[in-house]
Each structure stands twice: as C-alpha cells, then as structure tokens.
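Student: Sequence:
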Amino acid sequence: MTPHNPNRRALLRGTGALAAGAALVSPAAATAETGHPGNGRPQEKAGPALTTRDPLIEQRADPLITPPHRGMYYMTGSVPEYDRIVVRGAPTIDGLAHTRESTVWRRPKSGKMAGHIWAPELHRIDGRWYIYFAAGDSDDVFRIRMYVLESRAEDPREDAWQLRGQVETAWDTFALDATTFEHAGTRYYVWAQEEPGIDTSSNLYIAEMDSPLKIKGDPVRIAVPTEDWETRGFKVNEGAYVLVRNGRVFMTFSASATDANYCVGLLTADARSDLLDPASWTKSPRPVMETNEANSRFGPGHNSFTVAEDGETDVLVYHARSYRGIEGDPLYDPNRHTRVQKLNWYPDGTPALGVPIAEGEPVVRLSPLDSPDSFVRHGEGGRLVVDRVDDRVERSQFRIVPGFLDPGRVALRCVDLPEHHVRVSEGTPVVKPYADSDEYRRASGFLREEGLAGRGGVSFRLSEDPHSYLAHREGRLVVERPRSRADRERATFRI
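Going by mature numbering (1 follows the signal peptide of the UniProt record, and there is no 0), the letters in the sequence shown line up with residues -32 to -1, 1 to 463, in that order.
What the hints contain is simulated information worked out from the structure, not anything from laboratory work.
Accuracy of the hints is not assured; some may be wrong.
[To be verified] Pairwise CB distance ranges (calculated):
{"#": "1", "residue 1": "375", "residue 2": "453", "range": "45 to 55 Å"}
{"#": "2", "residue 1": "422", "residue 2": "300", "range": "50 to 60 Å"}
{"#": "3", "residue 1": "360", "residue 2": "339", "range": "39 to 49 Å"}
{"#": "4", "residue 1": "68", "residue 2": "107", "range": "53 to 63 Å"}
{"#": "5", "residue 1": "262", "residue 2": "451", "range": "15 to 25 Å"}
{"#": "6", "residue 1": "369", "residue 2": "434", "range": "19 to 29 Å"}
{"#": "7", "residue 1": "395", "residue 2": "189", "range": "49 to 59 Å"}
{"#": "8", "residue 1": "152", "residue 2": "444", "range": "24 to 34 Å"}
{"#": "9", "residue 1": "396", "residue 2": "154", "range": "47 to 57 Å"}
{"#": "10", "residue 1": "348", "residue 2": "96", "range": "24 to 34 Å"}
{"#": "11", "residue 1": "401", "residue 2": "452", "range": "33 to 43 Å"}
{"#": "12", "residue 1": "401", "residue 2": "74", "range": "48 to 58 Å"}
{"#": "13", "residue 1": "242", "residue 2": "74", "range": "36 to 46 Å"}
Glycine residues also receive a C-beta, built at the ideal position from the N, C-alpha and C atoms.
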C-alpha cells in the first residue's frame, strides 16, 4: 500500500489534539448586499493613510469586517475556544476595538456541530443576513463541514439567527472557509475542501448558488496547493475572499500550516470569463503577503476586505501573530489577532497587499506633485527612486516619526525595514540602517512644512540647510534649493 501523507486533521488527532472545548471603493460602488467591494474604480493616487490601531482586536482569527451597512461596520471571526459565533458593530473601523461583542450562536452540548466552530463569514444578501461557518462534531471535532445561519433582523447582533442547515457538496469530507460573492448577476460560493484521491488537506472550489443556502451543479476545482509556499507543514489552500476590480476577479486565499508558514496567495480571472472554468484562473507565482520578521508579524492570512470611513480607501483585514515560537499545536495558540491596513494598487490594476505592518504611526506614500502617478521608494543599495512602483509596494511605504535630536524635526522610517531611515549622505538622500551617532541622527532629521507648491502637500526641509529640500528630479529623490514654481512642485509631496 502506498503510504498516505497525513492531513492536518489526522495529524492533530495523532498528536493528542484537544477535544471540543478548546480600500478603494465608494459606498455607491460597494456591493453592500454581498459584503464584497465592487468594480469600476479609478486607479490609486496618494491619499489619506488608514489610522487604526494594531492589533485592532486581540485573539480574533479569520476576521471579516463588512462594508458599512446603514452607517455601521460589523465584524466576526474565530474565537480561541472554537465554541461560538460572535458579531460586533461600530460606526467606524477603529470603534470595533471598543464595542461590546454579541454571541449570536453557540454550539450544542453534544452531537452534530458540537466540535470546533471555525471561520464565520457575515454577508448581507437580498435583505437578510447570512453567516457561513464550519463546524465539527462532539465525537470528532475535526469532522468539519459547512453550515449557514440566517437572520431577518436589520442588526446582525440581534438574537434572531436561525440555523438553516449544512451546505452540502459532492463529497462528505473535510470542508471549511466558505465565502460568497455576486458577479454579473450570478451568485457564487467558494470554499476549501479535501477531495478524495488528491493528497492535500484542502483545495479551493467554486460553484453557483441556487439560493443563499444551497449550491447547484458540480464543484469546480480552481486551486490545488502545489508550490513550495503552499505546502509548508501542510498542503493547504483555504480562506478565500473575492474582490472585483479593474476588469478582473481577484481571489485571495491562504496557504500552508497555520504557524509562521501561513501566507496569502492570489487567484485572478478576467471579469468576462467563465468563472466555473478552471482555465480562467491564474495563481500568483509567490505569496502576495507573508511573514515579515522585521515587523514581528508572523503567519498573516485568512483575510477579507472592507472600505474605510472616507468611502474610498480600500482596507485589508487579516490575522497574524506577533511572535514566531509556538508551544504545542498552532491551532490552539490563541494569539492570532485581527489587524487592518490600507490596501494599495499597482499600476496594472492588481492589488498590492505589501507586508504585514507593525504598530506605529500612520503609513504614508510620498507622491511628488510633478509626477502624481509615481511614488518615492527605496531601491538597490539604499538609493531612493521615484517611479510607478510596479512591485514590492512596501518599499514605497514610510512612517513620519519624531526626529532623534530635536522634537521639532521628523524622520522618515521605512515600513518594511523599520530600522532604516531616509538620511542625507554626501548631499544625496539614501536609506540606511540606524547608527548610534549624532551624525546619523542629524542627517536623518527634516523639518516637515506645508507644501511649497500648496495643494495640500508637504515638503521636507533639511535640518542643516534652511534652503534645501527633498525633491524629485528625473526619477530620483535628490536635495535641491527650489527657485521656480516647477522646482517647488518637485519638492512638494502628497501623502
């Protein structure tokens, strides 16, 4: 007999797993009924940073935050006890951190659905609320299957939920992480499942929905974990979520074991294609978000998307731990925290998730007035260039932090390399790691001023020279003494 590579469920059983008990879219374009941002928005420009706390909510994994519904955001996610489904609501994203949480459904004491309760998703469909979730049984907490709750209440926190049963597929096997979206008049259901005959823990499948409670037709397999980054610890594709934009359907998903190996991949289909044809989908060759040691963010994943209070800024919602080392099985480590950060976009119209960002000041991108489609980024050898940023968006993200020597000065800290700052070396701005010297501290200090060219921008004057500023010239960040209006525009940045 050919040896079988154990899946997560079997391995957890064998290791003595615990028993049960353990943003850019406008409100008009947002598909509030589906819980997914909509289509047809213009390409990104520099704009306000997202200014919420990190973590937003502690010990809430697999997070989903809905687009605003009647002025309220609603949030759900997995609790460490895996015993109930919770919903919280607030008028702002930041307000979700402070608001009281409501338990809207609790697992029975025994029998079916009395095992692990995982990854609830909250969706507004045809005037009703639905929660799709996965549940195991009391005699086998890993006999995970998919179920749905329905509520006719206006507020999903109300005690008005009814269990509408199991969402059945072609196989009675391990199935979880369902999401739903509507596109071109058709509602789809996407989920992760173990398919007989395929040596993986879970693959991704899509099907049309006959109703919010039932799929129709045969499941279509659209992704199998085959790449190295999808098979670390376990062979996993799961946790899908969909965003339709720029003529394409983007589906993020998570891969590998739920420790520091966990990461986010991306499937893409043309919006005009047949989404039930596996050939319509293309998988990213590498993760689009993964562990970042420098920021102490480990195992980011199981994300969703929402839109910020300005009605324009796309927001990425995900979970991650703040440490690598885990005692015992990662499934029972409770500290996967809900985090949010601005979702950026590349010039080709694809989402730029970047790195999981550490706590701190707001994250900004600097776009010079004379080249509004370009951004300052650090390149090879610490040099600073100004271009459209076709890849590695994190290299164009900075934090404006207090200066080292004078509280009236500021420093520009790199988001992906938090020990690195912009400093002037021999008359040239570069990015260099922090050095414990007054020379470094002076050279990395700037005076932040109202933009020399106005228009809501900012300018950065050198501490040691009252007439010299950071400026853009011919694709490089340089130091200049602005004299003309054109010079002042090159020395003014939108953030």
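Student: So, for every hint listed, does it hold in this structure?
Tutor: Taking the hints in turn, this is what the structure says about them:
{"no.": "1", "hint": "375 / 453: 45 to 55 Å", "result": "violated, 32 Å"}
{"no.": "2", "hint": "422 / 300: 50 to 60 Å", "result": "holds, 56 Å"}
{"no.": "3", "hint": "360 / 339: 39 to 49 Å", "result": "violated, 19 Å"}
{"no.": "4", "hint": "68 / 107: 53 to 63 Å", "result": "violated, 34 Å"}
{"no.": "5", "hint": "262 / 451: 15 to 25 Å", "result": "violated, 39 Å"}
{"no.": "6", "hint": "369 / 434: 19 to 29 Å", "result": "holds, 22 Å"}
{"no.": "7", "hint": "395 / 189: 49 to 59 Å", "result": "holds, 58 Å"}
{"no.": "8", "hint": "152 / 444: 24 to 34 Å", "result": "violated, 45 Å"}
{"no.": "9", "hint": "396 / 154: 47 to 57 Å", "result": "holds, 55 Å"}
{"no.": "10", "hint": "348 / 96: 24 to 34 Å", "result": "violated, 54 Å"}
{"no.": "11", "hint": "401 / 452: 33 to 43 Å", "result": "holds, 36 Å"}
{"no.": "12", "hint": "401 / 74: 48 to 58 Å", "result": "holds, 51 Å"}
{"no.": "13", "hint": "242 / 74: 36 to 46 Å", "result": "holds, 41 Å"}
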